[in-house]
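Protein chains in written order, with the numbering used here: chain L, 1 to 115; chain E, 116 to 230.
Bear in mind the hints are in silico, worked out from the structure with no lab data behind them. Model, not experiment: these values are computed from the prediction. By construction, the Cβ of each residue, glycine as well, lies at the ideal position given by its N, Cα and C atoms. There may be inaccurate statements among the hints.
[What the hints assert, rightly or not] Listed next, with one range per pair, are the computed distances between beta-carbon atoms:
hint : chain 1 : residue 1 : chain 2 : residue 2 : range
1    : L       : Arg-81    : E       : Thr-229   : 17 to 27 Å
2    : L       : Gln-102   : E       : Arg-158   : 20 to 30 Å
3    : L       : Arg-64    : E       : Ser-143   : 44 to 54 Å
4    : E       : Ala-187   : L       : Ser-58    : 20 to 30 Å
5    : E       : Ala-186   : L       : Thr-2     : 20 to 30 Å
6    : L       : Gln-102   : E       : Leu-199   : 36 to 46 Å
7    : L       : Arg-15    : E       : Thr-135   : 20 to 30 Å
8    : L       : Gln-80    : E       : Asp-196   : 42 to 52 Å
9    : E       : Asn-182   : L       : Asn-18    : 22 to 32 Å
10   : E       : Arg-158   : L       : Thr-13    : 18 to 28 Å
11   : L       : Gln-84    : E       : Ser-145   : 39 to 49 Å
[Claimed, not checked] Not everything, but these chain L residues come out facing chain E in the computed CB check (under 8 Å):
hint : residue
12   : His-29
13   : Tyr-33
14   : Gly-107
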Amino acid sequence: DTGVSQDPRHKITKRGQNVTFRCDPISEHNRLYWYRQTLGQGPEFLTYFQNEAQLEKSRLLSDRFSAERPKGSFSTLEIQRTEQGDSAMYLCASSREQALNQPQHFGDGTRLSIL
Amino acid sequence: AQTVTQSQPEMSVQEAETVTLSCTYDTSESDYYLFWYKQPPSRQMILVIRQEAYKQQNATENRFSVNFQKAAKSFSLKISDSQLGDAAMYFCALTPALRTSKLTFGTGTRLQVTL
Numbered sequence: 001d002t003g004v005s006q007d008p009r010h011k012i013t014k015r016g017q018n019v020t021f022r023c024d025p026i027s028e029h030n031r032l033y034w035y036r037q038t039l040g041q042g043p044e045f046l047t048y049f050q051n052e053a054q055l056e057k058s059r060l061l062s063d064r065f066s067a068e069r070p071k072g073s074f075s076t077l078e079i080q081r082t083e084q085g086d087s088a089m090y091l092c093a094s095s096r097e098q099a100l101n102q103p104q105h106f107g108d109g110t111r112l113s114i115l
Numbered sequence: 116a117q118t119v120t121q122s123q124p125e126m127s128v129q130e131a132e133t134v135t136l137s138c139t140y141d142t143s144e145s146d147y148y149l150f151w152y153k154q155p156p157s158r159q160m161i162l163v164i165r166q167e168a169y170k171q172q173n174a175t176e177n178r179f180s181v182n183f184q185k186a187a188k189s190f191s192l193k194i195s196d197s198q199l200g201d202a203a204m205y206f207c208a209l210t211p212a213l214r215t216s217k218l219t220f221g222t223g224t225r226l227q228v229t230l
């Protein structure tokens, strides 16, 4: 169990640029989640995959956001035309398919700063 | 819709003492799970303890225990024999049992541990 890995740890970019983050879940976990956490707040759900299928998207996920999980392994989250309000910590989590007591395991997150 | 409320932005406890963090929630689901997650500064979020709503017995994990009051929709975390390493943000979270398992988090409580 190597844990959930996220890359990069930090990303600084100018407003209007596109950014892409990567998440590698724990290998046997088929569920993958993206959350966004702003300063002083708890994480907010963005989207969820079961294997390669994106099953739910939050209304927080505007048209500028897109997430993929090709082949049901790693996932990418892309933000196009970044805005100041996109500055946040983006957290990835993974878990096994729903069963009793299967918690989500979180990565270290990617901190995005928009200049 | 689900909501999780943590009304204590900050708490402080002396080493070796006991502290209780409060959490209330609201959900229309009949079956759900409740969690406490710990997020140390600049480190990943880790699961502290979980409670299944259909279980009346309060969960315990070593020095951590919960007081689950289902009728009152209250889920407090008690930390006994506090240690310096317990200093962190603590988030209460809720997920329905039979759906996507996305977590709804509270705003967190920052716990300081003093000598």
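Each hint tested on the structure:
1. L:Arg-81 x E:Thr-229: 17 to 27 Å: 46 Å, violated
2. L:Gln-102 x E:Arg-158: 20 to 30 Å: 22 Å, holds
3. L:Arg-64 x E:Ser-143: 44 to 54 Å: With Cβ atoms ~31 Å apart, the hint is violated.
4. E:Ala-187 x L:Ser-58: 20 to 30 Å: 29 Å, holds
5. E:Ala-186 x L:Thr-2: 20 to 30 Å: 42 Å, violated
6. L:Gln-102 x E:Leu-199: 36 to 46 Å: The hint (36 to 46 Å, Cβ to Cβ) is violated, given that Gln-102 of chain L and Leu-199 of chain E are roughly 31 Å apart.
7. L:Arg-15 x E:Thr-135: 20 to 30 Å: Given about 43 Å between the Cβ atoms, the range is violated.
8. L:Gln-80 x E:Asp-196: 42 to 52 Å: 50 Å, holds
9. E:Asn-182 x L:Asn-18: 22 to 32 Å: At 47 Å between Cβs, range violated.
10. E:Arg-158 x L:Thr-13: 18 to 28 Å: 24 Å, holds
11. L:Gln-84 x E:Ser-145: 39 to 49 Å: 41 Å, holds
12. His-29: At 12 Å from the nearest chain E Cβ, His-29 of chain L fails the 8 Å test, so the hint is violated.
13. Tyr-33: Holds. Min distance 6 Å.
14. Gly-107: 6 Å, holds
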